[in-house]
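Following the hints, position chains B and C against chain A.
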Amino acid sequence: MRELTYREALSEAMAEEMERDESVFLMGEEVGVYNGAYKVSRGFLDRFGPQRVVDTPISEAGFAGIGIGAAMVGLRPIIEFMTFNFAILALDQILNTAAKTYYMSGGQIPIPIVFRGPTGAALQLAAQHSQAVETQYTHSPGIKVVTPGTPADAKGLLKAAIRDDDPVVVLEGELLYNVKGEVPEGEHIVPLGVAEVKREGSDVSIITHGKMVHVALQAAARLAKDQISAEVLDLRSLRPLDVDAILTTVAKTNRVVYLEEGWPLAGVGAEIVNIIQEEAFDELDAPVLRVTQADVPMPYAKNLEQLAKPSAQRVVDACNRVLYR
Amino acid sequence: MAKSRTSLRSGLETADLPRPPKSLGGLSREALLDFLKEMLLSRRFEEAAEEAYAIGKIGGFCHLYIGQEAVGVGAIRAIRPDDYVITAYREHAQAINKGISPRAVMAELFGRSTGCSGGKGGSMHLFDASVNFMGGYAIVGGHVPLAAGFGWAIKYRGEDRVCLCFLGDAAVNQGSFHETLNMAAVWKLPVVYVVENNEYGMGTAYARVSTLPIFERACSYDIPSTAVDGQDVVAVHTAVREYAERARRGEGPSLIEARTYRYKGHSMSDPVHGVYRSKEEVEDRMSHADPIVLLRSRMEAVGLIDQATMDALDNEVRAVVADAVKFADASPVADPSQLYTHVYHSLDVHGRLFLDRMNRSAAKVSEGVGRGVGGGEARGGVGANRKDS
Amino acid sequence: MGTKVHMEALSPTMEEGQVVKWLKGEGDEVSSGQVLAEIETDKATMELVARGDGVLRKILVGEGGTAPVGSVIAVIAEADEDISALVRDGRAGAAVGGAGAEPAKAPQAPPAAQPERAAAPRPSPVAGAPAAARPAASAPAATGDGEDGRGRVRASPLARRLAADAGLELGRVAGTGPGGRIIKRDIEAALAEAAAAPARAPALELADYEDVPLTQIRKTIAKRLVQSLGPVPHFFLTIDVDMTGMVRARERINAFLGAQGVKVSINDMVIRATAAALQRHPECNAAWTGEGIRRYNRVHIGVAVAGEEGLITPVIRDADRKGLAELSTEFRELAQRGREKKLKPEEYTGSTFSISNLGMFGIYEFTAVINPPEAGILAVGAVEERAVVKGGQVVVEPRMRVTMSCDHRVIDGAMGARFLQTLRAMLEEPAAILM
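Chains as they are written, first to last, in the numbering used here: chain A, 1 to 325; chain B, 1 to 389; chain C, 1 to 435.
Okay, chain A solo, but in the shape it has when bound:
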């Protein structure tokens, strides 16, 4: 199978969908002339023209709302946020309008829109540029949320998101754009709501999503040296949520560590833990532990940043604790 970078996979997904359906267009800051802040839309302006590859001013609430309006009357916009830190300015549009209008209108006006862009910490970008925002979106009914961790999932989930008739937030990993991975040739779609076991194991389950899949795999590799077989379950979609996959891995290993990049309070992991205690209580041999970002704004200093981020070692430690080792 061929290898693509995460960036190329996203780019391919958008290009294929724009070729396939002319109601799809891309709008955001620097997506056109500049070829994209992270170069995901490199060459798109030449290929699709300024009507379908639209550079906007720095007006997140405004262009998010314009995209929503266009979606309300049948277009299928892809709104790129340079990062999801800036999308916080557009939360009113995403959560008050995109998430609710279909419901408020009694089902008259679906909103087939994709909001995509990088999320989470990169390297030393400090507090305002280093946020993992999954919780803000998964919290709200009316929104769907996917978090691809690999190039194949990036392509497959983005295509599924573009074809979905509801608002889908596609949270990409800021540090993943150069990561290479196998991506199937031809039409490749990953349906929303299907988790994937990224590594089989029997002793403990590391459940995670997004970029943290890679941290989980590192941790699993380290645990393997200690003869501990860790299973890595990548949720891929946070809403819809593959609860069956969660319950299956819990039943298999009886011990769970949830790994996420965001903060702990009311985080995604908190809900996963709730589901497990509610629906798999009798399968648990240990309390579920979470590994999250430190509960502080992201510091700039390199050493402090390292301390704040979830690490493979912290995951290993958590696994050992749930294994009573």
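Hints may contain errors.
[Unchecked claim] Only pairs whose alpha carbons sit at most 20 Å apart, straight line, appear in this in silico EDC-like list of lysine to aspartate or glutamate:
(1) B:Lys-155 to A:Glu-22
(2) C:Lys-219 to C:Glu-291
(3) A:Lys-252 to C:Asp-165
(4) A:Lys-252 to C:Glu-291
[Unchecked claim] If you want the ones that stay clear, here's a sample from chain B, every Cβ over 12 Å from chain A, calculated:
(5) Glu-30
(6) Ala-31
(7) Glu-50
(8) Thr-211
(9) Pro-271
(10) Glu-281
(11) Gly-303
(12) Phe-327
No lab work stands behind these hints: they were computed from the structure.
Here the structure is a predicted model, which means the values were calculated and not measured.
The C-beta atom is built at its ideal place from N, Cα and C for all residues, glycine as well.
Quick look at chains B and C alone, frame taken from chain A:
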């Protein structure tokens, strides 16, 4: 700056409005009678809503349009049925003006399944996509970019439609307003923004929190704008028609400040007058600048209407409103099964979409077959247009 | 010959126990296996059973008193037997707490001078051994096991479920998790132990059998039935068994024993259950000798195995005393050698009861022919999912049909039926065969 300030203060005096001469705009008697009747309908509908609210038939926030009827009627009568209208939360009358039946609007206020939003929207969220009434929204300024989005789609598809967007005076101090006007201007989007300046954002007078008159704000984005007497239905109609045609020609967005006045409190739960405005002020405006009285007296002056015709119009609209109330009251409440419908249009085969305990797998089966986006089917769902009544 | 009642180690980590309650008083007749007292261990309240027959002559540790494991806490003997030596031994052996002649360390222990009959439970402020006295409530809570000091066993949800499935009392399991939490591995260890260890050592080495003389009525029954039905007058009793618990228990047991290469079959479990049921119904573990009925004190089960040249019946000796893992391994090995015709004569003779299982062929129900002089044989059908009516509802569950052929000279209908009831109870509650 000094000039602007002077301009702002004087702008609040109705007498100083750049009102066109007391004209009937060259409109036919039929058109004028239609305006009159539609304004009467708006008035009587809101009076009935007020009464129903008082006896608990309507809940939540309920914002009445009484006093502002000329803006909705004048503007919406100036555009085509296939043009979009989007507005804020004081929108009962505008929804009717655009073509939703009074029955469907009243039923929505009553929270019934026959309401134009299936009982899920209520007073502030009236929708009927089949008549291109794209909704009432309750976050001040939040819907302003949506209008530009409709404009974007119109332009994207090369259509000659326009979007008419109503907003209140307080919305022009929201960031979304400025972001959107800028982009609408850059991309020459076919949107007519009608700012209904009823002088108070809830209890805060516009002048207390602003420096420039509203229509001058548009200058920042090189958008043509004007202020009209919002109590003069003909003036509003004339201005909107002109700007809508401009938009249709591809010349971009525009802004109209319609200076009007609300007779009632901000919402049904707010006082009509109090610390922010005096009883005398309200009574003065009601007696000197009522849009219905204004049009009627002008028509009388040139012999286009007599008392009998006026009475007949009023009786007709009162009957329509009484029928709407009766219909709403007799309508069934929303079926409990509707709780989880219309949250998502694509109900995924995989995974759990709803995370609460009440709803596990039910949502997967409760919603009907998926409907196409942008197709007639998708638009016909819950809303009922006037013909239904 | 009297029997000393010892404070037994009722949990793997128990060092001493406290007598919660004597269920037998001095002077009561007791027999082997009867519960004498409730003992509070470091984990739970357990039952202490008699290891001999006779009369409970002397209680040495009263209610509330504690005694180290191995010390004598009572004496069982014949009513007129001299037990002074036993009592002396007991007191000497138990006098580790510095309590002088009184072994009990608890304040409630009666002063030695009191009359024997009143020696049992009487709280007394004048403790015999105040220095060593320790009220039960002040027992250390954090003992590294699964109890939290308030009598609540701390166990992971999974451990609770596994224990419930296997019929294991959590109180018998030592917790190795944080704060003594009982976790999955503790249950696994406990089950592996239970499956591997002999089920229970017999209290006394019994004679192999006991001959019961024929009564007149029994003689008549025998004579008439032979006339009617031939030399071994068979009759058949069929019972239907819910195998839900057994199937689940087997899965779990195999999950635990898998690492040891042991895989327990349903048949193994049926053998084990049958043996246990026979132990309770010696009237069915019997043979017709012509002159009388021989009731076997040991349970040797012959299990029919299809060999190339015909049926062979290897015998599992003392099947009621063998743990499941042991039984399973032994049977597998015997069956293999049976099919290869390599069994020694003593390995396929001497059974006291037989089982024939044709379930693996999909046979649902059948009757088997008694192997004389045994008085019974079980014909075991397949475990299959069937619809049954329970509480007015049709439910689907794994069911198994068992037909017992009885030699009517030895076993009457009601006797056989009672045996089958016990067997069914054991099959439906797998815990019964693990203990």
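Against the structure, the hints come out as follows:
1. Between Lys-155 of chain B and Glu-22 of chain A the alpha-carbon distance is near 14 Å, which keeps this suggested pair within the 20 Å criterion.
2. Restraint check for Lys-219 of chain C and Glu-291 of chain C: the C-alpha separation of about 9 Å stays at or below 20 Å, so the hint holds.
3. Proposed proximity of Lys-252 of chain A and Asp-165 of chain C is supported: the alpha carbons are some 17 Å apart, at most 20 Å.
4. Of the pairs offered as hints, the one joining Lys-252 of chain A and Glu-291 of chain C is violated, with about 61 Å between alpha carbons and a cut-off of 20 Å exceeded.
5. Here Glu-30 of chain B stays apart from chain A, with its beta-carbon at least about 32 Å from theirs, past the 12 Å limit.
6. Against chain A, the non-interface label of Ala-31 of chain B holds: every CB pair exceeds 12 Å, the least being about 29 Å.
7. Under the 12 Å C-beta cut-off, the non-interface status given to Glu-50 of chain B relative to chain A holds; the minimum distance is some 23 Å.
8. With a cut of 12 Å on Cβ distances, Thr-211 of chain B stays outside the contact zone with chain A, its closest approach being about 22 Å.
9. Every CB of chain A is more than 12 Å from the CB of Pro-271 of chain B (nearest about 28 Å), matching its label as outside the interface.
10. For Glu-281 of chain B, the requirement that its beta carbon stay farther than 12 Å from each beta carbon of chain A is met, with the minimum near 33 Å.
11. Annotated as non-interface, Gly-303 of chain B keeps its C-beta farther than 12 Å from every C-beta of chain A; the closest such distance is 45 Å.
12. A cut-off of 12 Å between C-beta atoms confirms that Phe-327 of chain B is not in contact with chain A; the least separation is 17 Å.
The structure fails hint 4 only (numbered hints given earlier).
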